[in-house]
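Letter by letter, the chains look like this.
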Amino acid sequence: MTCMKQERKNAMNNTGKSGKFGIFGGQYAPETLMFALDELETAYNKYKDAPDFRQELKYYLNEYAGRPSRLYYAERMTKDLGGAKVYLKREDLNHTGAHKINNVLGQALLAKRMGKKKIIAETGAGQHGVAAATAAALFGMECEVYMGKEDTKRQELNVFRMELLGAKVHAVTSGTMTLKDACSEAMRAWAANANDTFYVLGSAVGPHPYPSIVRDFQRVIGAEIKEQLMKKEGRLPSAVIACVGGGSNAIGTFYDFIDDKDVRLIGAEAAGNGVDTKYHAATVTKGEVGVLHGMKSLFLQDNRGGIMEVYSISAGLDYPGIGPEHAFLNDIGRAEYYPVTDKEAVDAFCYLTKTEGIIPAIESSHAVAQALKIVPNMSSDDIVVITISGRGDKDVKSVARYMGVEIND
Amino acid sequence: MTNNRIDTAFKNLRENNETALVTFITMGDPDIDTSKKLVIEMEKSGASLIELGIPFSDPMAEGPVIQEANVRALDNKDGITLDKIFDAVKELRCETQIPLVYLMYYNSLLTYGREKFFERCTECGIDGVIIPDLPFEESGEIYDYTEKYGVYQISLVSPTSSEERMKKICDRAKGFLYCVSSMGVTGVRDGFNTDFDNMFAKLNSFSDMPKCIGFGISKPEHVAALKHYCDGVIVGSAIVKQVAAGSTPSEKINNVKQKVQELKEAAAE
Numbered sequence: 001m002t003c004m005k006q007e008r009k010n011a012m013n014n015t016g017k018s019g020k021f022g023i024f025g026g027q028y029a030p031e032t033l034m035f036a037l038d039e040l041e042t043a044y045n046k047y048k049d050a051p052d053f054r055q056e057l058k059y060y061l062n063e064y065a066g067r068p069s070r071l072y073y074a075e076r077m078t079k080d081l082g083g084a085k086v087y088l089k090r091e092d093l094n095h096t097g098a099h100k101i102n103n104v105l106g107q108a109l110l111a112k113r114m115g116k117k118k119i120i121a122e123t124g125a126g127q128h129g130v131a132a133a134t135a136a137a138l139f140g141m142e143c144e145v146y147m148g149k150e151d152t153k154r155q156e157l158n159v160f161r162m163e164l165l166g167a168k169v170h171a172v173t174s175g176t177m178t179l180k181d182a183c184s185e186a187m188r189a190w191a192a193n194a195n196d197t198f199y200v201l202g203s204a205v206g207p208h209p210y211p212s213i214v215r216d217f218q219r220v221i222g223a224e225i226k227e228q229l230m231k232k233e234g235r236l237p238s239a240v241i242a243c244v245g246g247g248s249n250a251i252g253t254f255y256d257f258i259d260d261k262d263v264r265l266i267g268a269e270a271a272g273n274g275v276d277t278k279y280h281a282a283t284v285t286k287g288e289v290g291v292l293h294g295m296k297s298l299f300l301q302d303n304r305g306g307i308m309e310v311y312s313i314s315a316g317l318d319y320p321g322i323g324p325e326h327a328f329l330n331d332i333g334r335a336e337y338y339p340v341t342d343k344e345a346v347d348a349f350c351y352l353t354k355t356e357g358i359i360p361a362i363e364s365s366h367a368v369a370q371a372l373k374i375v376p377n378m379s380s381d382d383i384v385v386i387t388i389s390g391r392g393d394k395d396v397k398s399v400a401r402y403m404g405v406e407i408n409d
Numbered sequence: 001m002t003n004n005r006i007d008t009a010f011k012n013l014r015e016n017n018e019t020a021l022v023t024f025i026t027m028g029d030p031d032i033d034t035s036k037k038l039v040i041e042m043e044k045s046g047a048s049l050i051e052l053g054i055p056f057s058d059p060m061a062e063g064p065v066i067q068e069a070n071v072r073a074l075d076n077k078d079g080i081t082l083d084k085i086f087d088a089v090k091e092l093r094c095e096t097q098i099p100l101v102y103l104m105y106y107n108s109l110l111t112y113g114r115e116k117f118f119e120r121c122t123e124c125g126i127d128g129v130i131i132p133d134l135p136f137e138e139s140g141e142i143y144d145y146t147e148k149y150g151v152y153q154i155s156l157v158s159p160t161s162s163e164e165r166m167k168k169i170c171d172r173a174k175g176f177l178y179c180v181s182s183m184g185v186t187g188v189r190d191g192f193n194t195d196f197d198n199m200f201a202k203l204n205s206f207s208d209m210p211k212c213i214g215f216g217i218s219k220p221e222h223v224a225a226l227k228h229y230c231d232g233v234i235v236g237s238a239i240v241k242q243v244a245a246g247s248t249p250s251e252k253i254n255n256v257k258q259k260v261q262e263l264k265e266a267a268a269e
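Chains as they are written, first to last, in our numbering: chain A, 1 to 409; chain B, 1 to 269.
Mixed in with the good hints there might be a few duds.
Claimed, not checked - No more than 30 Å apart at the CA atoms, straight line, and that leaves these computed lysine-lysine pairs for BS3-like:
| no. | chain 1 | residue 1 | chain 2 | residue 2 |
| --- | --- | --- | --- | --- |
| 1 | B | 77 | A | 286 |
| 2 | B | 116 | A | 278 |
| 3 | A | 46 | B | 168 |
| 4 | A | 48 | B | 168 |
| 5 | A | 397 | A | 168 |
Treat the hints as calculated values from the structure; they're not laboratory data.
Next comes chain B alone, as it looks inside the complex:
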């Protein structure tokens, strides 16, 4: 057993037969202090693991909701930087031991400096990174660093990934598998046309790794319908929408709290 918080969290969840609720916010939307409070409140409201989005100018895999959050964060007059986000994480670690993973685009990491980035992850308490534009083929870019510093690169699989590909990805996966619900980008969908029985039968045959499903999950009904396929559900845009909807920081925090509680209830039922 490693001492990565992601492993510990999923081990406990599985032992208690609980569904993981993975939540997401964009750091610096609307400001870094509110982001810190949101992390704490989301944990209190039932989140099991939190993704922290690193704002980027060109977030290729995101739908409009998270794109706009990126713009809000980048336009903030205080100027959000990766250093400020690392500092915030370090401060958060005095208050919480919930697994924290960055969701970021590879350019942010590359230009920060790979060694320095992973060194700071360990120093500040980041457990993993999800990099939508660093697929299996290119993951060699950071493999040595993730190994050296014990920070996991969370792998994504999609319904369109071939069986051969799924197997390769499963063999290399660490922490949990991020299973994309359907084609396209993050954000709200009308429904899911994916054959989840088939997808998870394959994935389960390849790996016992915890599996969480994300992209387009916004309502308690989605959570209820999808949770029996996997170990957890990932909710991003629906939470970011609640951040955007509040007109003051406390309203934003309240909105998010309610949303996460609602989702948690569905996950726990």
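So that you can see chain A by itself, here it is in the shape it has in the complex:
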């Protein structure tokens, strides 16, 4: 057995009752939530491999969300960069415009199986909230979304979109009034109503079993990349690149390649104005081991153990922590994480738009930016796959603002 496989196996063994990835993960949750987490874990273990559940999920992923998503050969980008061959995994083409729908459909179907009539979700920019509201509309469930008050102001359009879909949006006024507070508030609401309510968590974070559930529902991304690239090129990629906030599209991209140790797993995290300023969200680069939202992982913290307010141009990467499995993959050196600044992300956003006619989400633009740094130095025998986790229409206004262009609504 290779060293990596052994480490992986050890990690999997650690993923016992309390869901540890090395020292990370776990269930650092209030006693009032433990029964709900137990119930969720039992239900998930019961259904995850059940043929009728898999079949129903596959039906909705394919017929409703539009999977499998395309693996597109970015020919002009490849020629322009003159290094590795570049493919784009087009999660932006999914219904609702991002990878979030993969996880939401899975969790909503699980909620249905568990007999829960109501779902709740946290959201930052609103992508996961919109996806959750969409699934609720699709399956005829009640939906409430917790969103920081600051974010509701920045993303009015998504608030209205969720309301159109029939969801109730709660503007969260606690703490910094952003994603981390929305997450805390959703957990508080769940603690009060877990009897009839399912908490649809949007990223590969939170107490066990969430990081594993979200990963399992997102691993379709990497599994498809593998299969599609085998068909097109007959081989594995040299590297896969994805952006990392909490890390759901990245863990989904990485997971099926973890045992293929020749495939580099590269995460791009948000460096905002730069990792040496106060304004960034580069958790792996600057974070320390801590506990929040039910998990032990890496977090950006102040000198008295408080969780820091973070910043990125991308609301989807604006989270002070990272999923525990990423913290583990970083720890054992299996995955690499690099900071990408706002400026680099905006440049990459414009680059992909002009070069390929694809407007990537500002989150995904971080992954594109990291590719722009490494692809030119790679050989033409190399293949790099970039996961375009979402589409960038939602970001056009903020990119314009960043570039100093006035846009009237």
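Chain A is fixed; fit chain B onto it per the hints.
This is chain B only, laid out in the frame that chain A set:
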């Protein structure tokens, strides 16, 4: 018999057939000096054990009242830190021997350093810690230190904890059991839907450990209705509200004094 003040206090309460009144304040709300005075006044007004809340940026199990107290404490221009709180406790120990326990989130403890934290607890006179986000499954993180330093981790049980779970928690419990009244977070509720007869019948069959009930207890009527189920009642948000309501430190202290006296009367009736 240990020499932990929590054990001594509950032993005396039981001997005198008294209901424990456990009260709570957030340290540093509005400032550390007022917090110290509040501790002394609460004891004088009848508190049997006092929880000292360590301010944290993301207090996941708290309702709005205590969340706001955390923000007030953290925003204080003097900058509240765990070191300053330990110093305050050490000073308090010259004046009082009431059991003092920290209520804190695990990140505060972890980043302070586990060994150093428990060493300072012993040095300054902290008798126990309540850590809402360190459930039974993760309590191994601090078990060796709590044993080594004789500081108790107070365990929580909730009405939704399974019987099997309750039993596990009871077997490991130290000091007293923190029995959560109902689902949700700390703070005011309209009422309690929990079947307390059933919950405490189970808990009592598992353990003779003192049991206190908390979450949502704000009025003397609550105390009167709940006290016969258990050894004590825990009041947090209702006291913190009184701290917030006063416009000067002395007004805050007076408000709290009155509230605690009111609750104590109900507990003693």
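Tested hints:
With a CA separation close to 26 Å, the supplied pair residue 77 of chain B and residue 286 of chain A stays within the 30 Å bound. Between residue 116 of chain B and residue 278 of chain A the CA atoms are separated by roughly 29 Å; this keeps the pair inside 30 Å, and the hint holds. With a C-alpha separation of about 25 Å, the suggested pairing of residue 46 of chain A with residue 168 of chain B holds against the 30 Å cut-off. At roughly 29 Å between alpha-carbon atoms, residue 48 of chain A and residue 168 of chain B fall within 30 Å of each other, so this suggested pair holds.
For the suggested pair residue 397 of chain A and residue 168 of chain A, the alpha carbons sit about 25 Å apart, so the restraint of at most 30 Å is met.
Hint compliance for this structure: every hint is met.
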